[in-house]
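> Start from chain A and add chain B according to the hints.
Here are the chains, one letter per residue:
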Amino acid sequence: MRHNKAVNNKYNQDKFPDSKGHFGLYGGRYVGETLMPALLELDEAYNKIVPDPSFQFEFKRLLQNYAGRPTPLFYAKRLSEHLKGAFIYLKREDLVHTGAHKINNTLGQALLARRMGKTKLIAETGAGQHGVATATAAALFGMECRIFMGTEDIQRQAPNVQRMKLLGAQVVPVTSGTCTLKDAMNEAMRFWVGAVRDTFYVIGSVAGPHPYPVMVREFQKVIGDEAREQILENTGGLPAVLIACVGGGSNAMGLFYAFMDDPLEMVGVEAAGKGIKTKKHAATLGEGSIGVLHGSKSYLLQDENGQIQEAHSIAAGLDYPGVGPEHSLLKDLNRVQYVSIDDEQALEAFKTLCVLEGIIPALESSHAIAWAMVEAARRPQNEIIVVNLSGRGDKDLGIVSGL
Amino acid sequence: MINRINQTFETLRQKKEKALVGFITAGDPNISDSFSIIKAMCKSGLDILELGVSFSDPTADGPVIQRSSARALKEGINLRAVLEITARLREETSMPIILFSYYNPIYAYGAKAFYKDALAAGADGVLVVDLPPEESDEMTSQWSGNDLALIRLVAPTTPLERMAQIAQSASGFIYLVSKTGVTGSDGLDTEDIKEKIELLRSATKLPICVGFGISTADDVAAIASLADGVVIGSAFERLIEDNLDNPDLASILANKVNEFKKATKIGSRLRLET
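Chain order of the listed sequences is A and B.
Mapped onto our numbering, the consecutive letters of the first sequence carry residue numbers 1 to 403.
Mapped onto our numbering, the consecutive letters of the second sequence carry residue numbers 1 to 274.
Please keep in mind that the hints were generated in silico from the structure rather than gathered at the bench.
This structure is a prediction, so every number in the text was calculated from the model and none was measured.
There may be inaccurate statements among the hints.
Taking lysine-lysine pairs in the DSS-like style, the calculated list, with each CA pair at most 25 Å apart, reads [claimed, not checked]:
hint	chain 1	residue 1	chain 2	residue 2
1	A	Lys-277	B	Lys-74
2	A	Lys-60	A	Lys-118
3	A	Lys-279	B	Lys-74
4	B	Lys-262	B	Lys-16
Pulled out of the complex, with its shape left as it was, chain A reads as follows (with noise of 0.2 Å):
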């Protein structure tokens, strides 16, 4: 429930991460040594190309003249009147290339694997949105491209698996662990382990080795900085609350990130599963304690050993034990709440904005309406809320009619 805690803006973003990538406690480089160089380079390129103005003004005009952007502000007139609260409008990342907002971040990351003469892109997937986003950056800058992706995942999502083979990658099913989202990041750091020379991991969320949540969010805070913008010049006034989901945290980091400075309220929905008291859930913040996995220090489902427990979610894409460095400073600072959403709330989320605004929300996203639905609810109506729509849900058309 929330928190009615004064809000807290004085995060100074300008401070995080240091020049190792650490946000206060978390983040970092926890990597072997193989890896260490490829990262320093990483770093060093990051730094180097992506404030070239060149840079700046390529990814810029791929943003607009292919993924679609910006995208739109939409006020769910129907949604808000049947709440009968606060107004709620969508930043509609479902209706950016390929689906979701994932595209954002690995247009970024192929320019300028592009420009450090990487000629192969791997990834890890989930829900298969970053995954096709990759594969989709691949094939428009004529990369190999090869997507990890766990068996449970496959079957979940199969019409995005079928979207990256025609797009030209190599998916290759994990079978360890739990075939999910995690295994799959296992999978992808392991063949870059042995492909580091001339392969640059595309990394899908603000999680990762420095310089991946950095990067990740520098390429994604074009939603936000657009959608604070359009709130602006539609209402004249700033929203009371920003809403979004969260797995690894890319696109609340995204939506976030412009209004760090700002006088409002933030929550990260985390995915509740069977139920926070199940264990069968994904709520890392909410639940989990702190401890180093893929690479960075961060909040984890894990137990008193020390081993990652399993996470679980109707989505596919907040199926996952971690989350980005950054949020867990956000957490410990307050500066946002999380929340968390279960499996049924998520659903009935998503067929609420399904009937009444005409909008498929992919699984993820439903999270972020579901909390949304119950903000609004309670407050005013002088009051504005600003949910990232993720991505679209026909990805889990399967899942949602198999139920």
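This is chain B only, laid out in the frame that chain A set:
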């Protein structure tokens, strides 16, 4: 305290021999068999033991060690149990014991308690696969001394300048990763390894042990002719996996150690001849 690692390398140097370093996942296939296997290996020519602490998500390991970690975890292994095995082994052998771990189990245990308990159990060093020099202060700053050797990895991708930087904070020996890739990958390029060893020798006086992808006696001899020690991991674990129900499992491993130890002797002579 007499440092068992330094002493081992000194003794081997005098005998003109090379170190056979063996990695075994503690608790695989179960805690009691694992103890018997390790004990038998220690008596058959192993010079240094690397005792693997299993982690649920071993991103630097290939399928063989992944499966061995999974078997050990299923048997309920954890860092505390590995320290108990270490203490029991210490009653049987004076061989150096290196704990080989990912960082998260140590972080969860607490770096301060780990240092104290590892030394009390009789461990001589620790190698933390995913803790590069950039991040390791947070662990070592909690240590109350420096009696636990910090074994560091140097990779094929590590440039010379970084080798020197790594060597500065290392002790015991340097573990040179023979190739890019996870543990147990195929193929060994001895020419390339020779070059890397020469480069690394210009950066450190510590003994150099080479590991990753060494699986046959010929490989062992070839590496022993170049380095101060040869590390075998997946080859032992594969043997365990292939003989899970074999009552002679311990002696099968012991025979393999014996074969590899002989190969290190052939290898050390190779160098003297050339």
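> List in ascending order the numbers of the hints, as given earlier, that are violated by the structure.
none
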